[in-house]
Amino acid sequence: MHRFANPARFQRLATAILPWSAGATVVLLVVGLYFSLFASPPDYQQGDTVRIMYIHVPAAWMSLFVYTNMAIAAACGLVWKHPLADLFAKAAAPVGAGFTAICLITGSLWGAPMWGTWWVWDARLTSVLILFFLYLGYMALVNAFDDPQRGMRAGNVLLLVGIVNVPIIKFSVEWWNTLHQPASVMRMDGPTVAAPMLVPLLIMAVAFTLYFVTVVLLRLRAEIVQRRIQTMRLTQAAE
Amino acid sequence: MLFGTGEPFLPMSEFLAMGGYAAFVWPSYGVAALIMVGLLAATLKSLRSGEATLRALEGSRPARRRRDRAPASASASAVNAPAVSEVREG
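Heads up: the protein sequence lines correspond to chains A and B, in order. For any residue, its number in our numbering is found by taking its place in the first sequence, counting from 1, and adding 20. For any residue, its number in our numbering is found by taking its place in the second sequence, counting from 1, and adding 38.
Hints should not be assumed to be uniformly reliable.
Every beta carbon over 12 Å from chain B, so not counted as near; a handful from chain A, in silico [stated by the list, open to error]:
hint : residue
1    : 29
2    : 33
3    : 42
4    : 75
5    : 247
6    : 253
Listed below are several chain A residues computed to face chain B (Cβ distance under 8 Å; list not exhaustive) [what the hints assert, rightly or not]:
hint : residue
7    : 129
8    : 130
9    : 136
10   : 174
11   : 248
No lab work stands behind these hints: they were computed from the structure. All figures in this text were calculated on a predicted structure; none of them were measured in a lab. Glycine included, C-beta positions come from ideal geometry on N, C-alpha and C.
I would like the entire structure built from these sequences, with the hints used as guidance.
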């Protein structure tokens, strides 16, 4: 049977955070879209396709950020048997998969005019595709068991094994020859992107992060409700 | 325009053309919007339906609570009684 670390405290916290995170997401998305589409210049080489970057790069960051958070939660779930940590990973997975899909599709739409190809099997693209399959595999695995706790445990192990892919994605553009350009924002010597392009990029990144916070809190709520339903049905059947 | 992209007021058609890359830029924004709005909608839907199910289940529970406090009240436990005996016998 599921015992909650403190679902009541979580519900209070979620109720306090949700209106702010949802409101800030909307505001930042509107401001970010304004900068991305209107108030930033076209690139001198790439023209207006550079505007794809303001979706593609934040989505790529989120795909790694969400997975890393899920893996940390998986470790907490396995070590301390913290049930909310298990539920967090389960709640976050579809959002992470969504960001990874956005990253892959927009990357393809950007590659077609700029590289002359929709897809290449190079290190960066392939490792991100593997990340996408890790998300899908985790989601399938968690739901493949009759006992939800066994599903969670199996899923958590998969998340921890799959974390090896995160540094591979990050450094793939340095370790191998790839069509994909190297990092231009997350660099030791500071970003090399010009300020008029860095502004929309960072605003969109914060907006995507707040979107993730909002949706994950709502999904966690839905997961807790599902667990309660399950518990009630089990106790009713056992009486 | 904040960063001076040239013309302060771009004609709508020119803006939509995205310098000739409209077929790549707009689908990118469209796909992102579709996935993010779709995820949010699916989340809200499952949350609402889950909460409705939970309310319905809790609605059938007062019978049990009353039985817990006053075991003698047989009529209140009648709702749950058949299922209970079936499970125990089985």
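So which hints don't hold here, by number, going up?
The structure conflicts with hints 3, 4, 5, 6, 9, 10, although it agrees with all the remaining ones.
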